[in-house]
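Q: One-letter residues, chain by chain:
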Amino acid sequence: MSARGFLPFTTVGFLLLILTVAMLGHFSWGRHQAELTRIDEGAGNSLLGEVASVQNDLEQAARYSVYEALWNVSKRASDYSGREAAQNRKEAIESLASRNFNELLSSIVLTRENLGTSARLDIEQALASLDLRRGEGGFVIAIVDLPDETNIGASTLDNSLGLELPYENFGTLVDSRYYLLENRMQRFAGDLDSIGTKWKYAEYAMAYAGAWGGSGVTLSKSRSRALFQLAWADHELSTFGSSDYSVTAYDLSGIEGADQVLEGYDSNVVAEPLSASQVRALVDEIEASLNELDGVAGELRRASSAVNAAANFDVEDWADLMSSRFGDVQAALDASDAEGAKQKFRELCGNFELTYSYPSGQLGKASTSIGGGQLRVQEAEARFQQMLDLLESSASGNPLMKQFYENLTGDGQALARQISSGVSDVVGRLEGLESRVHAREVQLRAPAELSSTFPGDWEERFVGAVNDNLARAGGVLGEARGRAGEAIDSFMEFVNGNENLLASLYSRVSSEVRALLEEPELNWSNPYEEYPDPGEDAEVPPVTQMAEKYVIEEGEGTVGGLQLVLSDVKTHLDRMEGLAGTFESIRGEVTELEIDDDLRQALESELRFPTELTREQAYELAPPEPIESNPGISVYHEFEIKDVRYQREDPAGWFGSPTPTTIPLWFIGITIYWAQWDVTLEFEDGAVEEIFDYENPTLPRPGVDDDNQNLAMVHKPLAYRYEIPRNEFNFRLVVISLTGFEINEGE
Amino acid sequence: MREAGVGQVADVLFFAFMVVFGSSLLVLASPVELDESTRGYAASLARSTLLSFQQASVDELGELSYNPGLQVSWESELGLRHKTPVQLILEDALLNPQVEIDGRRVALELNREFDESVRDFLRGALDRLVRGRFGYRLEARMTPLELSSGVTLRFDMVVADFDENSRQLCSESVSMALPAPEGWLGAQLEEENALLSQLPEGSFQWFVNALLSWLEPPDSVPRPVVTVTLELWSK
Chain H
1 MSARGFLPFT TVGFLLLILT VAMLGHFSWG RHQAELTRID EGAGNSLLGE VASVQNDLEQ
61 AARYSVYEAL WNVSKRASDY SGREAAQNRK EAIESLASRN FNELLSSIVL TRENLGTSAR
121 LDIEQALASL DLRRGEGGFV IAIVDLPDET NIGASTLDNS LGLELPYENF GTLVDSRYYL
181 LENRMQRFAG DLDSIGTKWK YAEYAMAYAG AWGGSGVTLS KSRSRALFQL AWADHELSTF
241 GSSDYSVTAY DLSGIEGADQ VLEGYDSNVV AEPLSASQVR ALVDEIEASL NELDGVAGEL
301 RRASSAVNAA ANFDVEDWAD LMSSRFGDVQ AALDASDAEG AKQKFRELCG NFELTYSYPS
361 GQLGKASTSI GGGQLRVQEA EARFQQMLDL LESSASGNPL MKQFYENLTG DGQALARQIS
421 SGVSDVVGRL EGLESRVHAR EVQLRAPAEL SSTFPGDWEE RFVGAVNDNL ARAGGVLGEA
481 RGRAGEAIDS FMEFVNGNEN LLASLYSRVS SEVRALLEEP ELNWSNPYEE YPDPGEDAEV
541 PPVTQMAEKY VIEEGEGTVG GLQLVLSDVK THLDRMEGLA GTFESIRGEV TELEIDDDLR
601 QALESELRFP TELTREQAYE LAPPEPIESN PGISVYHEFE IKDVRYQRED PAGWFGSPTP
661 TTIPLWFIGI TIYWAQWDVT LEFEDGAVEE IFDYENPTLP RPGVDDDNQN LAMVHKPLAY
721 RYEIPRNEFN FRLVVISLTG FEINEGE
Chain P
1 MREAGVGQVA DVLFFAFMVV FGSSLLVLAS PVELDESTRG YAASLARSTL LSFQQASVDE
61 LGELSYNPGL QVSWESELGL RHKTPVQLIL EDALLNPQVE IDGRRVALEL NREFDESVRD
121 FLRGALDRLV RGRFGYRLEA RMTPLELSSG VTLRFDMVVA DFDENSRQLC SESVSMALPA
181 PEGWLGAQLE EENALLSQLP EGSFQWFVNA LLSWLEPPDS VPRPVVTVTL ELWSK
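Protein chains in written order, with the working numbering: chain H, 1 to 747; chain P, 1 to 235.
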């Protein structure tokens, strides 16, 4: 091995340098390749971006085309009417939007060609169609159908990389809730009657608050206007979640006493004075009570008959009958009919036993019937009390029924007192009668020795003799006949000894029963004016009639009296039921109008509008915040109330009386005061209802769509404007009260 | 022996020179190029940001509302939640165009509140998307639209937050046709008295005619194009 080494350093250095240069070459090549890759990747991404920008152009064009079409159609939504209105509106929007889109599409193709970028839109003819679909939340989804073989293309400058994307249809969200607005407006316009029923409810509540509160019924045009405005606002609130509270507040401020309407209006006033079903329930109880009294009459008649039967019992006839029966037994023996003889003898013995107890038994029956009569009188009173209880329960929320209940249960000649006193009288008299009959019954029980004389044990002895020997039986029969004769004589003596007592008892019972059942003379009368019932077509003036009835005085109660009073009560309750049915049909359906606290609060706010704009223009530009955040719709309306008319319809009103018509129901001690009007509210020229998609002010539009006044372009929410052709709202107001009320009509 | 020693020293020195020279070449040609990588990432982020500006809604990137400046007594804030940022830029061009008359720029500022809200929104969105890593400069520019000789319609807007001493890493652009609704410009100009006062004397009728001729274009004319450019800068 050489001491100078294997290779000189210079050689090694050169080798290292060569290696380094080789590595450099490798790095450079790698870097070049990486750069190419990065450029390709960048170019690819740029192409994707270019393609996306063309897609974006198309989507924007579709969106703005639909914006424009939505605005034009929904601002004139009521131009499309009938059953196919919604479909016609949709088709109109699609047609307008397609036209707008095709115009923009042509421009986009040219724009892209002139732009000099790598992206292009390859389309043979700018004839796209555009369909609308309902999206979630009522938004619009525009589906664009481009001509077949439409492509979006892009390529790099050296054409080394190209992209062709078929693009024949696409969908895009249009951020306006057209479908929500249309749906809510359809609900609003399709249920305008509910404004009428709410207004009707409010008028009823106010009228009844006056009639029952003692201040009288006041019909005021300004108050009716206010209540109608509130009903309209409430319908808006329940449909849209908001109302045009600024104009309602403004209109209310121009109405005299509107504050009092807002403060004084109480939706809890039950403007339902009479319910046919409630009155029917009262009638049912009265009918049950009358049935019980009919039962009392039956019981008393049966008692009288039984006493009569006891008093008219002919003991001689019975003795003759028994003698012939003994003959019948003998005949059977003679015919050797042992079984027949035994049977006839048994019957004969039984007849003796029954006959001994007949007079007392009849009185016992009479006593039982009189006792049953007492029970049924008390049951009749219980059913009447049940009627009062029913009335009391329905009186809790109804002043008229309360008044009725108080009339029935008050002092003086109140019906409840009459019935109670009458029942007490009847029960007392029946108790006396029953004890008297019972005493006579005890007195007329036959002596026990009569039975021991005959039949005693003669039945056994006769049967034994017959079984033993028929000839011996004839002897026993003879002996028995002798004892029976003794018994008959004793019984005849007993009966004849009580004959006068029974006659006297019958006389007493029959006269008492007659007195209890007899229909009493009418003892009360009063003149009154007779009007036809509500709903009857009467054109003649009222006539003076005399009302007559029977009043049960203290200590003079009878079954007949109770029957007469209760049947009269039933007659007037039937009439009351008829009145209630008529009232219900006239009053018809009402929907409770409760002024929402939020609405009440909103009505207190005072909005100021720019003087240079109409209110509708101001709403378009910046609609006021909705009362409820969901669904977030602002509301505008415009109508002018031309007049409110009240046409009196009850008979007293026909003849110009300033008081209500009276309907006296003497038998139940009440007088119904009745007044009725046909109420009509008339618009000057229809109404406009317009709602705005407050949550989405997305349409770039000129500030004011009016050639004379233009503001800068701003974003506007989609407006849905509907002209309501209805010009009149009408209902019948019927006020019924048990106390008289004043009627005031004013402006 | 001395000559041999001198020869060995020269040999070693030459060897050392070769090693140093080779090492220098290797260092200079190192495959690890941090700057290029950053540029690539920045370009990719810029493209993604522009893409998201075309696809994402305002709700997803922040919030935007503005007051149209109407003299009403109630709260009149308009909230735009479903529009894309690109749509906002296009609508800003629609609502706030600028007119250049004989080289003088006249900002109509018809809806300044909206313009400011859009700028604030874009600034907020870019802060969230890119500011953590890069500085940015977003420019939206509408192709000048010559209404008549000497009168040009323009729109440009810049939102930026970057250090001017830093380096620009990338610049990505996207172009969009302006979907101007029919009659949009005339409605604004007729109201803008401030503009009229700045017009050369006697030129009003001429100016309006020029505008109207553009507002009723023949079928299929190119639309103004708005180009949005996003530059990312190093921090």
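It is possible that part of the hints are untrue.
What the hints assert, rightly or not - Listing some non-contacts, in silico: residues in chain H with all C-beta distances to chain P over 12 Å: (1) 119; (2) 159; (3) 361; (4) 429; (5) 461; (6) 554; (7) 556; (8) 641.
As the list claims (entries may be wrong) - Not close to chain H: a few residues of chain P, all C-beta gaps over 10 Å, as computed: (9) 36; (10) 47; (11) 60; (12) 61; (13) 62; (14) 63; (15) 132; (16) 149; (17) 235.
Said to hold, decoys possible - Reference listing, derived: stretches of chain P covered by chain H, where coverage requires no fewer than 3 residues with Cβ under 8 Å from a Cβ of chain H: (18) 65 to 73; (19) 135 to 141; (20) 155 to 161; (21) 167 to 179.
Simulated from the structure, these hints should not be mistaken for lab results. Glycine included, every Cβ here is placed at the ideal spot set by N, Cα and C.
Q: It remains to establish, for every hint, whether it holds in the given structure.
A: Against the structure, the hints:
no. : hint       : in the structure
1   : 119        : 8 Å, violated
2   : 159        : 20 Å, holds
3   : 361        : 97 Å, holds
4   : 429        : 82 Å, holds
5   : 461        : 120 Å, holds
6   : 554        : 74 Å, holds
7   : 556        : 77 Å, holds
8   : 641        : 26 Å, holds
9   : 36         : 8 Å, violated
10  : 47         : 5 Å, violated
11  : 60         : 13 Å, holds
12  : 61         : 15 Å, holds
13  : 62         : 17 Å, holds
14  : 63         : 13 Å, holds
15  : 132        : 22 Å, holds
16  : 149        : 21 Å, holds
17  : 235        : 22 Å, holds
18  : 65 to 73   : holds (count 5)
19  : 135 to 141 : violated (count 0)
20  : 155 to 161 : violated (count 0)
21  : 167 to 179 : holds (count 6)
In this structure, the earlier hints numbered 1, 9, 10, 19, 20 are contradicted, and the remaining ones agree with it.
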